[in-house]
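Engineer: Residues 20 to 346 (the numbering used here) are what the sequence shown spells out, left to right.
Honestly, the hints are just simulated from the structure, not real lab data.
Here the structure is a predicted model, which means the values were calculated and not measured.
Don't be surprised by glycine CBs; every beta carbon is placed ideally from N, CA and C.
Misleading hints may appear alongside valid ones.
[Stated by the list, open to error] Label pairs and their calculated CB-CB ranges:
(1) 167 x 229: 26 to 32 Å
(2) 117 x 218: 35 to 41 Å
(3) 215 x 117: 21 to 27 Å
(4) 214 x 277: 17 to 23 Å
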Amino acid sequence: MLGVVAIHLAARVPTDGEWQRLAQVVDHLGRFGVPLFLAVLGWGAAQPHPRQPVASLAWLGGRLRAVLPAYLAWALLYALLAPWDGDALPGGWLPSEGLGERLWRTLAGYSGEQLWYMPAYLSLLPLVALAGRLPRRLAGLLAATAGLAMLGLLLHVEQVVAVDTTPPVLAGWILRSEGRLPLPWLGFVGLGALAWQLPLAWGTRGLQALRLVVGLAVHVAIALRLPSSPRFDDFWCSPAMLWSLLAFLLWAPVAVAWLGERRPGVWLAAIGKNSLAIYLGHVLFLRLGWAIGAPLGLGVGLAIATLATLAGCAVYLPMHKKLFAQA
């Protein structure tokens, strides 16, 4: 969740400004966020849960109740506020659009810059529930196959965007969907499902220190990667996103284990437990802070936007729990 917030703060830096390269590195460092959300979905789905197995309608209904109403409410709110937000990405309703077009763009996550992958997440839930009904070995085989297929798909799409030609059918389908379809993300769910039995903080203290240093170094090296596409930053549709997640999983569990029950660890756990509310609302609070601070300068604008995001989320979290079902 912190990685996603960092991405949206970095997006405020002008692409032709002197901070642009630093903003791109910050953006790339945070790109493990969405793959991690989906890996956690696979992680939780693969664990034995006798009271509410993943294959049950109760599990699927619980996830949909926890996510779908809140997503629809925030997507509609962002669409309604877009005309008054000059900093918003193109996603507001256009005068020429009919009601059907407006509703479709809202449902597809076009109204908020952070909502783009939610249609893919929601469509993955029933697929995960179906996979949960399979024998465990067969489900594991499918998870491994999904991971390999995802890697092949990312390699394929990266090659297409690097040469900047008219994409073939499959790559074009992925690029035009802008990540809103579940196909590119199945592998991350499978990766989480395969990894649930692994002790993520493995190793002696010395080995953990080595993991921390190596993992962070690799993660930063990946973040320094320059886009291979001549037209846009292709990080989300390249293997770099997968390598970023793997590097994060190398160093982050060690950092979390070392934090233990100390106060920073408690804060991180609280952010994780409230990640849906923060995910949906943080862009609104960030935009409000940016609208106030940006006229005062880039650095001041980013600082005020950060403070506004923290304050807004702190105020909204209790409201979210009252407004929407938790599961």
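Engineer: Using the beta carbons of residue 167 and residue 229, state whether their distance is inside 26 to 32 Å or not.
Structural biologist: Roughly 28 Å apart at Cβ, these two residues keep to the hinted range, so it holds.
Engineer: Cβ-Cβ distance between residue 117 and residue 218: within 35 to 41 Å?
Structural biologist: Roughly 54 Å apart at Cβ, these two residues miss the hinted range, so it is violated.
Engineer: Is it true that residue 215 and residue 117 lie within 21 to 27 Å of each other by Cβ?
Structural biologist: violated, 45 Å
Engineer: Indicate whether the distance between the beta carbons of residue 214 and residue 277 respects the range 17 to 23 Å.
Structural biologist: holds, 20 Å
Figure legend: structure checked against the earlier numbered hints; hints not met, in rising order: 2, 3.
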